[in-house]
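Modelling step: build the complete structure from the supplied sequences, incorporating the hints.
Chains as they are written, first to last, in the working numbering: chain A, 37 to 304; chain B, 16 to 496.
Any given hint might turn out to be false.
Stated by the list, open to error - Listed below are several chain A residues computed to face chain B (Cβ distance under 10 Å; list not exhaustive):
hint, residue
1, Lys42
2, Gly47
3, Tyr248
4, Met250
5, Thr294
To be verified - Some chain B residues flagged as far from chain A (calculated, every beta-carbon gap over 10 Å):
hint, residue
6, Arg282
7, Arg393
8, Met418
What the hints assert, rightly or not - In silico BS3-like links for lysine-lysine, alpha-carbon gap of 27 Å or less:
hint, chain 1, residue 1, chain 2, residue 2
9, A, Lys282, B, Lys82
10, A, Lys278, B, Lys493
11, A, Lys78, A, Lys222
12, A, Lys263, A, Lys278
13, B, Lys214, B, Lys239
14, A, Lys263, A, Lys282
15, B, Lys82, A, Lys278
16, A, Lys137, A, Lys88
17, A, Lys137, A, Lys204
Just so you know, these hints were derived from the structure itself, not from any lab. In this text the structure is predicted, and so the values were computed from the model without any measurement. Built from N, CA and C at the ideal position, the CB exists for glycine as well.
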Amino acid sequence: MTGLRKRVTVGFLSIVCLLFFSGMVSLLELGHLSRDTGEILKANARNIELAKEMLDAAHEQNMALIRLSVFGDRSRDSLCRACMDRLENTLLVAQNEALDKSFLDSLAFATTELRIVTDNYLAYGDLRSGDSLAVSKNRPAGMPDSLGIKWYNDEYEALYGRLTAAIKNYMTSTQSSLAPRAEQMKKNAYRAVTPVLISVAVMIAIVLMLFYFMSLYCITPIERMNKSLGDWLAFRIPFTVKGDLKDEVLELKERIETVINQSKQPKA
Amino acid sequence: MRVEVVLRYVGVVMLFIAMFMLLSAGISYVSGVDSAFYPLLLSSLLTALLGAFPLIFVGRCEQITNKEGFCIVVGAWLVACVVSMFPYLIWGGEFTLVNAWFESVSGLTTTGSTILNDVEALPRGLQFWRFATTWIGGMGVVMFALVILPSMGRSKMMLSNVELSSMARDNYRYRSQIIVQILLVVYVGLTVLSTLLLKMAGMNWFDALCHAMSACATSGFSTKNASIAYFNSPAIDTILILTMATAGIHFGVIYATLTGKRNNLFRSEVTRWYLGMLLVGGLLIAVSIYAADLYPTFGAALRHGMFQFVSLVSTTGFATADSNTWTPFAVILLIFGSIVCACAGSTAGGIKVNRLVLSGKMMRAKLKLQQHPNAVIRIRLDGVIQDNEVLHAVMIYIVAYLMFILMGTIFGTMLGVDLTTSFTGSVASMGNVGPGFGEVGSMDNFSALPSGFKVANTLLMLLGRLEIFGLIQIFLIKWWR
Numbered sequence: 037m038t039g040l041r042k043r044v045t046v047g048f049l050s051i052v053c054l055l056f057f058s059g060m061v062s063l064l065e066l067g068h069l070s071r072d073t074g075e076i077l078k079a080n081a082r083n084i085e086l087a088k089e090m091l092d093a094a095h096e097q098n099m100a101l102i103r104l105s106v107f108g109d110r111s112r113d114s115l116c117r118a119c120m121d122r123l124e125n126t127l128l129v130a131q132n133e134a135l136d137k138s139f140l141d142s143l144a145f146a147t148t149e150l151r152i153v154t155d156n157y158l159a160y161g162d163l164r165s166g167d168s169l170a171v172s173k174n175r176p177a178g179m180p181d182s183l184g185i186k187w188y189n190d191e192y193e194a195l196y197g198r199l200t201a202a203i204k205n206y207m208t209s210t211q212s213s214l215a216p217r218a219e220q221m222k223k224n225a226y227r228a229v230t231p232v233l234i235s236v237a238v239m240i241a242i243v244l245m246l247f248y249f250m251s252l253y254c255i256t257p258i259e260r261m262n263k264s265l266g267d268w269l270a271f272r273i274p275f276t277v278k279g280d281l282k283d284e285v286l287e288l289k290e291r292i293e294t295v296i297n298q299s300k301q302p303k304a
Numbered sequence: 016m017r018v019e020v021v022l023r024y025v026g027v028v029m030l031f032i033a034m035f036m037l038l039s040a041g042i043s044y045v046s047g048v049d050s051a052f053y054p055l056l057l058s059s060l061l062t063a064l065l066g067a068f069p070l071i072f073v074g075r076c077e078q079i080t081n082k083e084g085f086c087i088v089v090g091a092w093l094v095a096c097v098v099s100m101f102p103y104l105i106w107g108g109e110f111t112l113v114n115a116w117f118e119s120v121s122g123l124t125t126t127g128s129t130i131l132n133d134v135e136a137l138p139r140g141l142q143f144w145r146f147a148t149t150w151i152g153g154m155g156v157v158m159f160a161l162v163i164l165p166s167m168g169r170s171k172m173m174l175s176n177v178e179l180s181s182m183a184r185d186n187y188r189y190r191s192q193i194i195v196q197i198l199l200v201v202y203v204g205l206t207v208l209s210t211l212l213l214k215m216a217g218m219n220w221f222d223a224l225c226h227a228m229s230a231c232a233t234s235g236f237s238t239k240n241a242s243i244a245y246f247n248s249p250a251i252d253t254i255l256i257l258t259m260a261t262a263g264i265h266f267g268v269i270y271a272t273l274t275g276k277r278n279n280l281f282r283s284e285v286t287r288w289y290l291g292m293l294l295v296g297g298l299l300i301a302v303s304i305y306a307a308d309l310y311p312t313f314g315a316a317l318r319h320g321m322f323q324f325v326s327l328v329s330t331t332g333f334a335t336a337d338s339n340t341w342t343p344f345a346v347i348l349l350i351f352g353s354i355v356c357a358c359a360g361s362t363a364g365g366i367k368v369n370r371l372v373l374s375g376k377m378m379r380a381k382l383k384l385q386q387h388p389n390a391v392i393r394i395r396l397d398g399v400i401q402d403n404e405v406l407h408a409v410m411i412y413i414v415a416y417l418m419f420i421l422m423g424t425i426f427g428t429m430l431g432v433d434l435t436t437s438f439t440g441s442v443a444s445m446g447n448v449g450p451g452f453g454e455v456g457s458m459d460n461f462s463a464l465p466s467g468f469k470v471a472n473t474l475l476m477l478l479g480r481l482e483i484f485g486l487i488q489i490f491l492i493k494w495w496r
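Structure below.
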């Protein structure tokens, strides 16, 4: 490669390329990092939202069943079924969205158990023995149904407890499953910084080299030429410039020598 | 000294290394763009830019002074170690700054020690890069670049003279240009042959190539956590024993043997000593471990004993067994092998058999001189009379070598490392062997050791690879007239 301008331009272009390159790398890696962080936060929020929905549905169904079984309020039938459907639908959504489905197995089992017991009660609750039904029908208004309480205590309460425990377990387990992703994010953060640091180190080395070469091939020869030319003009000391001269600097030196030689020749 | 000329030629070596990084990125791409692709590609670009930059300003230089040549060689080794860290650092995983430096130096100096607990977890591209560093280092960073890159005229001769020690040049009767070509032919030929044999013995192509590169460079890197023990194959063990033993012989002697020249394998005194040492040492270890009931049959004891001894003497460092559990006699023989190592002019490190033979002859001469004070005794090696200057250099080298091992041991114990680990770690690093004993045994690695110990060991590796005085001189360059 020849030509001072060309050399310096290529040198600077290399630095610009490296700057651009390291900028792009950091943008790319930070983009990855941002996306991962967003995904983790989104998954976290969604998990809490689904767990809340399930807990709400279970709670409402529980309240409706208490009204139905203890106080014989048949108007709660449909609410009970609606809550059960809501719970199951939310579970289905959670199963579709979950990264690790193993956390949902116990929850699905508890929901199915609850569904069977509730459906049985809703379907066959009125087919209790004649005596007990008579007892139930003859009780004064506002008084609790002792058979209903017994059913609730013996069959339903334990299942309800198991379901809420499974929902809470789903909530905490899913949170803990986010830890490896957070660890991966930490690695990505390291990867986002390292290439940039290496690029900066390489850039520093290149800038130092550029400074050295500019000094060696441009600044120092020009300084020497200037000094030597000054010495010639002031004291007529012969014009000599030592060092490895290249391109236009070499041409400049040769032209100065030509001018000096011409000025030494006697005028015609 | 012209710094710009040094920068130019170090830059040329960087371009050469960038080429291998790109090749590793290619392997990564072929393996389904694994997680190493991007770090390797990025490292390749950065290294290429760093290497190409001086070429913009500095033109070709026909004449290089001795001092410049020396700075180019040592500078290229040091810068190569630095840029080789880039893929490891960018990839992350177990590679911290110290770990990446250790792996890089260990690879280029063909030591083969590692800080990785799970080598198999590395993506294929990065695995290949580890083996590429070791293969480049096996022949010598500068020497390899000299062969591949376009002619550099007289400067090529100067650089090859600096890279090759005087002892390594002894067996060559050719010009520098030819020597470099011979080295390449033998090195590449041995690698190709070994790859084919390992493939036939049951390895897959990738493992076969990687282990062949590692064996020919006498490095000891493996693609498996359990090293060669993973394959548990007598055929693979036998092929690797032969490859490692051959890689420990002077390449000029191998070339002379293959081309029917006079200075061949059978006439070389040093090679005879080397091969004799391998046979006797391997047998003694086999007898020792068989007598201690460590192996059910003598055949199994011979297989493992011979493999471990050849592996350590050739400075490879592959393992088929945990030699930490062997008898003290076997252990001390292995340590002796790790100090002496193979022949000059091979890819091996260590004191070298040449120096051991010469020092033995000097001792014999000293005894004779005491009996006959007026006798004129000439010391010959392979029939060539050795100058007093050479003999003097041999003794100085051995003393300096042992002194650095001692210093490494003292430093290690100072950091709280136990004596066995510290001493054998220093021996293994100085000789570019790889495994030692204790916490750095054949089935262990350097990961759990203090960072200071790791850095000290990388210095020992570089000292061993650059034959001690090479690296020391760079710090005294200012006073070099």
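Which of the listed hints are not met by the structure? 5
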